Amino acid sequence: MEKRVTLGNPVLPYMLLAPQIIVTLVFFIWPAVQTVIYSTQVQDAFGTRTKFVWFENFSRLLSDANYYSSAQTTFFFAILVTGVGMSFSLLLAVMADRIIRGASLYKTFLIWPYAVAPAVAGSLWAFLFSPSVGVAAYALDKLGFNWNYLTNANQAFFLIVLAAIWNQISYNFLFFLAGLQSVPRSLIEAAAIDGAGPVRRFWTIIFPLLSPTTFFLMVVNIIAAFFNTFGTVAAITQGGPAKATEILVYKVFNDGFRGQDVGGSAAQSVILMTIVILLTVIQFRFIERKVHY
Amino acid sequence: MVQNRPFLTFLSHAILLLGLAIIVFPIWLAFVASTHDAATVSAPPMPLLPGSHMWENYSTVLFGGAGKGTLNVPLIQALLNSTISALGIAIGKIAISIIAAFAIVYFRFPFRMFFFWMIFITLMLPVEVRILPTYKVVADLGMLDTYGGLTIPLIASATATFLFRQFFMSVPDEMLEAARIDGAGPYRFFKDILLPLSRNTIAALFVIQFIYGWNQFLWPLIITTKEEFYTMVMVVGRLTNSVEAAPIWHLVMATAMLAMIPPVIVVMVMQRQFVRGLVEVEK
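Residue numbers (my numbering), protein chains in the order written: chain A, 108 to 400; chain B, 997 to 1279.
Any given hint could turn out to be false.
Cut-off 25 angstroms, straight-line C-alpha distance, at most; resulting in silico cross-link-like pairs (SDA-like, lysine to any residue) [to be verified]:
#1 K1132/B / V143/A
#2 K1132/B / I384/A
#3 K1187/B / I129/A
#4 K214/A / L198/A
#5 K214/A / L1004/B
#6 K110/A / A1242/B
#7 K350/A / R167/A
#8 K214/A / Y1208/B
#9 K110/A / M1165/B
#10 K1222/B / Q345/A
#11 K1187/B / N116/A
#12 K1132/B / L132/A
#13 K214/A / A1017/B
#14 K249/A / A1242/B
#15 K249/A / W1024/B
#16 K249/A / F1021/B
#17 K1132/B / T381/A
#18 K110/A / A1017/B
#19 K249/A / A1035/B
#20 K110/A / N1196/B
#21 K1132/B / V133/A
#22 K1187/B / P117/A
#23 K1222/B / F364/A
#24 K1222/B / T1142/B
#25 K110/A / G1179/B
#26 K249/A / A1017/B
#27 K110/A / E1173/B
#28 K1132/B / Q367/A
#29 K214/A / I1261/B
#30 K1187/B / P126/A
#31 K1132/B / I136/A
#32 K110/A / F1110/B
#33 K110/A / D1188/B
#34 K249/A / A1039/B
#35 K350/A / P1122/B
#36 K350/A / F165/A
#37 K1222/B / Q367/A
#38 K350/A / F182/A
To be clear, the hints were calculated from the coordinates, so they are not data collected in a lab. All of these numbers come straight from a predicted model, not from anything done at the bench.
Model the full structure from these sequences, guided by the hints.
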């Protein structure tokens, strides 16, 4: 799609584009190129000399058991956050779409978590489940459950999943609700007249028609679980105990800034970048399809 | 609703209330903890209703400090910093994106699509994956511990540019033709026609980008070393899991409340624009 009528001016468009392009070049493209370059180098302990080593950083990474366990943690994390979070949000959205009275009140409260930063969300859940003072930890203790996420790897993982899901609910809810509201009423009415009950109507009509929204949210949630949850992990567990919750993006930071392993951290970044690019491409392919409907 | 089924309506309300309870409970508890003194909060089970130490706790946090060591700083400054950087990021993003989209839609010039794709690429490069080199660039430019360092590296935005482009495409060509007949140049056309028409788009983007800016955690964490440049979210994250000492929970929760109230207010007040904008941006 192009405009028929345009403004003629040889210099002005470049001036208008300049701020955006300069910021993009200096803070996005140049650092990304640098990341790729770093990933092929090793630095000595003082960071004074660098040596070009081809793909040594990558091969070191791919033979590192820690990296695999971090990748595995991240995939489980992404699957749980996406799957459980979306199911729960869809349930709430379907209910909110059904009712007439009070719908806007529910909506108002359900969008709160969107405004809460992942790091702050992490803080709230860490407090709730704090082994020494947390209300939820106290309740679990009373039920005879030995709760201490600071030493138990599975519990720590469970807690970051919970916090991440909580943070994503609003977003999923709003998109599902918008999707539900665009399902043509006439289709549902026709099914009702034919005798299909609410459950059947949902699975045979509403859910299939929601699939573009579902697919879109799936990609967004995976990206969010991979990247946005940095703050959540940093606030709750810092990757611990014993690296049990060290998701990939946290490992990039930890190895690069704390461990001073510039080459290894850059190689991890390159892998992560590849993942984002793939996800973004998938998402855009899908959006194009949606346009052709 | 297609059929009236009283039981299902009842069930819907029950499920929504349960969901609401799960969502609101952590926030409620944070608020309650922020109104009690240290002894009450650290002796489980802590009460579930607010106490009487609210003003005391909040003024301690704002003018005293909520942690130990380098984190024991008055947070009024952090609150101000978060506001400045969130506004800077939101306004900066909108400003540079709207003019970039204006150039891409309303002008024909060499390398137009090349620039468009260059902006598009930023979508694929979240700050977390290029963190080390970006840090170096900012350090080399002398922007560590500055407001510029907190905002400028985050203001390039593919989403905002796309949204404005999409919107400009939907503006009828006749608008420009009419403006040209009346003798308006690019500047007049932009200021008197496009800008007023874009008001809703700008409002929606403002909410989304304000929250994006306010909620930044990793970026302020690595580029600020001086307490004059701490931001709220970063302080909350560090207070919650500081290596030096166990969190002083009633003060940490007061800080968390302060860190979430401004973005929550923005979302609440501009709820309609926000919801429409959010769904639109991603479409």
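Those earlier numbered hints the structure runs against, lowest number first: Violated: hints 6, 18.
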